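Chains A and B, in that order, give the protein sequences.
With my numbering, letter number 123 in the first sequence gets 123, and the count goes up by one each step, no holes.
To convert a position in the second sequence, counted from 1, into my numbering, add 191.
No lab work stands behind these hints, which were simulated from the structure alone.
Given the structure is predicted, the values throughout are model-derived calculations rather than measurements.
Be aware that a few hints might be false.
Computed cross-link-like contacts, SDA-like style, restricted to lysine to any residue with a CA-CA straight-line distance of at most 25 Å [as the list claims (entries may be wrong)]:
no., chain 1, residue 1, chain 2, residue 2
1, A, K145, B, V259
2, B, K258, A, D104
3, A, K8, A, D33
4, A, K145, B, A255
5, A, K74, A, P29
6, B, K258, A, D115
7, B, K258, A, V148
8, A, K145, B, R267
9, A, K8, B, T278
10, A, K145, A, P113
11, A, K145, B, G266
12, A, K145, A, E131
13, A, K8, B, D287
14, A, K145, A, S129
15, A, K8, B, H290
16, A, K8, B, P282
17, B, K258, A, T143
18, A, K8, B, A294
19, B, K258, A, G142
20, A, K8, B, L286
21, A, K8, A, T51
22, B, K258, A, S129
23, B, K258, A, Y130
24, B, K258, A, N149
25, B, K258, A, A108
Some chain A residues close to chain B (C-beta under 7 Å, calculated; not the full set) [stated by the list, open to error]:
no., residue
26, P16
27, R19
28, A20
29, V23
30, S24
31, F105
32, G124
33, L155
34, A156
Using N, Cα and C, we set each Cβ at its ideal position, and we do this for glycine too.
What follows is the residue order along each chain.
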Amino acid sequence: MSVSPQMKADLLAAIPSLRAFAVSLSGNPDRADDLVQETLVKAWTSISSFTEGTNLAAWLFTILRNLYFSEYRKRRREVPDTDGLIAGRLSTAPAQPGHMDFLDFQAALAQLPPDQREALILVGASGMSYEEAAGVCDCAVGTMKSRVNRARGRLAQLLSPAAPGGEAADDWRGAVLPAASGRRLSRAGGG
Amino acid sequence: MSLKKPLASALNRSPGGSASAPSQADSAAGSVDGARAAGAAILNLDPARKARALRGPRRGNKGAPPKVQIEEHIGRQLKSLYNDVLTQPIPDRFLDLLHTLDAPAGGPCKDSGK
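Kindly generate the complete structure, drawing on both the sequences and the hints.
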């Protein structure tokens, strides 16, 4: 398999982004690096199908998210993974404001449906446009926008003190953010 | 740009399983320029855009309604999580991996690796 030096350099340069995407998506640094490794191997062995000069990052992100989702589906069928356990625990606990202390942002993020989490990360953190993110996820731009919106709404709900998960979904508007959910939040809760 | 659709559907043909390599030959052959433009868009971001992505939204928007405040909070947290990893040095395992992949299979390199 011959990979040009330029391509090798580009792959190398993409690793930090791939890791950031993988960690945010999987919520688990070890698993994330395994995903990145699988992605690199797969990219390397499939490099002939990539045309130099086209969007390498999008190509790599697509490989990574496909690996993640196929693994995600497999794991759900087999053993309950740790993410699932955490999510299961959180889904019962956060109803009480007193239990909100540990429900930090990452835990809330892990609770999102993976397609919404992915959408939010791509658009909200990686710097991709909705169109670019939709390309990576092979969905319509409107679908991408809707996933991002739902992800934001759900996170707002999870990070709100009085959100049992039902109709109270919108209560965060009136309720103030829990000081516990982030150091930076105290300001928002001031009034 | 309509480039994205054929590209992505071609890519998504590989569900992580059997050796199905993402192929973008078709889309790329037709619109190399478009593809190149799209390529420049992500991650090879222009410096201003990259800086904006790294910086995140403005802080301390106190006068904003709660909805805006919580969305800004979410945005900040998300970027902080992402950028924390983004700015870490590349772990050795990946440098080693690329080095290993780069070694010609039957070449003069020590074949003890496999």
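Violating hint indices (sorted, rising):
Those not satisfied: there are none.
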